[in-house]
Amino acid sequence: MKYKVRSGESTLEIDIDRNGEIRMGGVALDADLQPSADPTLYSLILGHRSYQLRVEPVEERYRVQIEGISYDVLVEDERAQLLGGIKSASAGASGEVLVKSPMPGIVIDVAVKEGDAVASGQTLVVVESMKMHNEFAAPRAGTVKAVRVVRGDKVAQSAILVVLV
Amino acid sequence: MSPIRKVLIANRGEIACRIVRACNEFGWSSVAVYSEADRNQPHVRMADEAWPIGPAPARESYLNLAALIDVAKRSGADAVHPGYGFLAENADAAAAFEEAGVIWIGPPVEAIRLMGDKLTARATVAAAGLPLVPGTGKAERMTDDELAAAAPGIGYPLLVKAAAGGGGKGMRIVRNAGDLREAMRVARLEADASFGDDRVYLERLITNARHIEIQVLGDRHGNIIHLGERDCSIQRRHQKLIEECPSPVVDNVLRHTMGALAVKAARAVGYYSAGTIEFVLDNETREFYFLEMNTRLQVEHTVTERVTGVDIVKEMLRVAAGERLRYHQGDIEWKGSTIECRVLAEDPWRNFMPSIGTITSFAAPSGPGVRLDTGVAAGSEITPYYDSLIAKLVVWDETRAEAIIRTQQALREFQITGIQTTIPFSLQMLETPEFRSGRVHTKFVEDEFMLKAKRNQELEEVAGVAAALIAHSRRGRAATLPPSRNVTPWKTVGLRESLLTAGTR
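Residue numbers (our numbering), protein chains in the order written: chain P, 1 to 165; chain B, 166 to 670.
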């Protein structure tokens, strides 16, 4: 099976055949990946180089931590690449932008109301989390289609704050 | 017989765990409190008793004085340790506990009150002989002519500040005498518009400053000593990120000069227990000025403990029980070098945005000279309700250069998944020539330091290979296993991969 792997800034072509032989960019690798009783902990020996890894799935990616740094890795097989192309095309056509809170918190200010025209970068909602104020701005210019929160609301991670069209 | 046998710990997280340990070492019982968000946190498990005190928001739980006093009474605690933050510098809270017959493991109420008010604190320590940042003082009304006459004595660059001010309003930086009059005119207009008060005053601007603080320790018998300095110049928006002892710019003479003044300040308010006098030190001139006194245990007390060998929390407990300090000033020696990195649940790649979620794994570093103070474990929820400190990595070695290397080693070993942390920030900061040569200042993180993109092609490839193998294995399992078989995907990877690799070797 051929995989297109995006790891940080690198794009890798990785091929794993029926016998488990792995090639990266056409070059054969000697790779031995072992899990542990801790579900996130792995040992990878790559041609006698030993690495300790922490791996966990984050949305559709793998977050791989090595020596204190995390790398987000997207692994796509041929079919997934095809589907991905269709999905992004349809998202562009609808033109709706969902402004979400990337973390849970408490809404301390809502700066817009339905029907408002907003400029790109304009503050829409302020969410307090861990004693810090986080301002969420319009990613592009548009009109406020819906405001889903009011001041004082507790919001969950990925909660939709504002819908722009 | 000690008057203390049971201690209420009015705090959470790593400092609550730290205090539980000290109580255990004395054979005293510990009473933890927890909010609804913290039932599963380690401090609850570690303590001898645990009492719920209310909903998640701090003002309804850890700041809820009535609930805390109620727990103290019902549990029969003889004393309360406030830790840091929350009620630690609240004189009314200290007084309320004492009135309820519960010993406050901290300084006298009056000292908290005096040092908590900035103007009173400045006047008190100035009378004790501590230097204040040169300036005209904000109390009286001065005309532009009077201020201009005072300016040469203060020196440039200086700040014109609104007496009623705050938040940078009515503040102007003046770099030379020619610009002073115009700056005062604009500052007065702004101050009048913002605060309805056009009084302004002048203060020296220290552009290349270090944050140096002196740890003091006193008992109820009039003994006060200092434990030397901590350098906390690596900070972002006044949040300290890395602290060290000794400071690379403080020699033994300066240490004892600052230390003796800190003891004077403490003595001026009848201080006992642990406290910290904060100074700003001018990198250019080596002059230093009083900033404020923190009348509590500090987050970074650990670096002082490691270098002096004094257990500050145990001394606080001893002092609260009425005992004398175990040390005289002459007993205190500073050995080697210690660096503390605060590990925060914040994403350094996204402007230190809070990172909230469940810690899915937590592997602490260890080895010679490595101490880790933490209040979380695998499974802990990081919630938005409290501050983002999850661990303090405290590393000692014989020299500063070696301590930096050892700290980096420990940071690379430290694995936390499920949330983002500031470990990558600390790793890169310790790599900069400025930190390594000790040439940093309090605005270094904000004005000069840039987190580098995490480009490391070798490790990106390693991560890519690992992820591809895992994805391939999950894919194979999905194709071959009947859907009813409930197997955690992560558990099957290794077997498959080891079989696969065995077949190819």
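For the record, the hints were derived by calculation from the structure and aren't laboratory data.
Beta carbons: idealized from backbone N, C-alpha and C, even for Gly.
Treat the hints with care, as some may be off.
For lysine-lysine, the following BS3-like pairs were computed, each having C-alpha atoms within a straight-line distance of at most 25 angstroms [what the hints assert, rightly or not]:
1. P:K131 <-> P:K100
2. B:K238 <-> B:K479
3. B:K283 <-> P:K131
4. B:K429 <-> B:K479
5. B:K171 <-> B:K238
6. B:K429 <-> B:K283
7. B:K283 <-> B:K334
8. B:K334 <-> P:K131
9. B:K283 <-> B:K238
10. P:K113 <-> P:K154
11. B:K608 <-> P:K131
12. B:K405 <-> P:K131
What the simulated footprint calls covered on chain B by chain P, stretch by stretch (three residues with Cβ under 8 angstroms from a Cβ of chain P suffice, anywhere in the stretch; the number is not a length) [to be verified]:
13. 495-505
14. 551-561
Results for each hint:
| no. | hint | verdict |
| --- | --- | --- |
| 1 | P:K131 <-> P:K100 | holds (19 angstroms) |
| 2 | B:K238 <-> B:K479 | holds (23 angstroms) |
| 3 | B:K283 <-> P:K131 | holds (23 angstroms) |
| 4 | B:K429 <-> B:K479 | holds (23 angstroms) |
| 5 | B:K171 <-> B:K238 | holds (11 angstroms) |
| 6 | B:K429 <-> B:K283 | holds (18 angstroms) |
| 7 | B:K283 <-> B:K334 | holds (19 angstroms) |
| 8 | B:K334 <-> P:K131 | holds (23 angstroms) |
| 9 | B:K283 <-> B:K238 | violated (34 angstroms) |
| 10 | P:K113 <-> P:K154 | holds (19 angstroms) |
| 11 | B:K608 <-> P:K131 | holds (21 angstroms) |
| 12 | B:K405 <-> P:K131 | holds (15 angstroms) |
| 13 | 495-505 | violated (count 0) |
| 14 | 551-561 | holds (count 3) |
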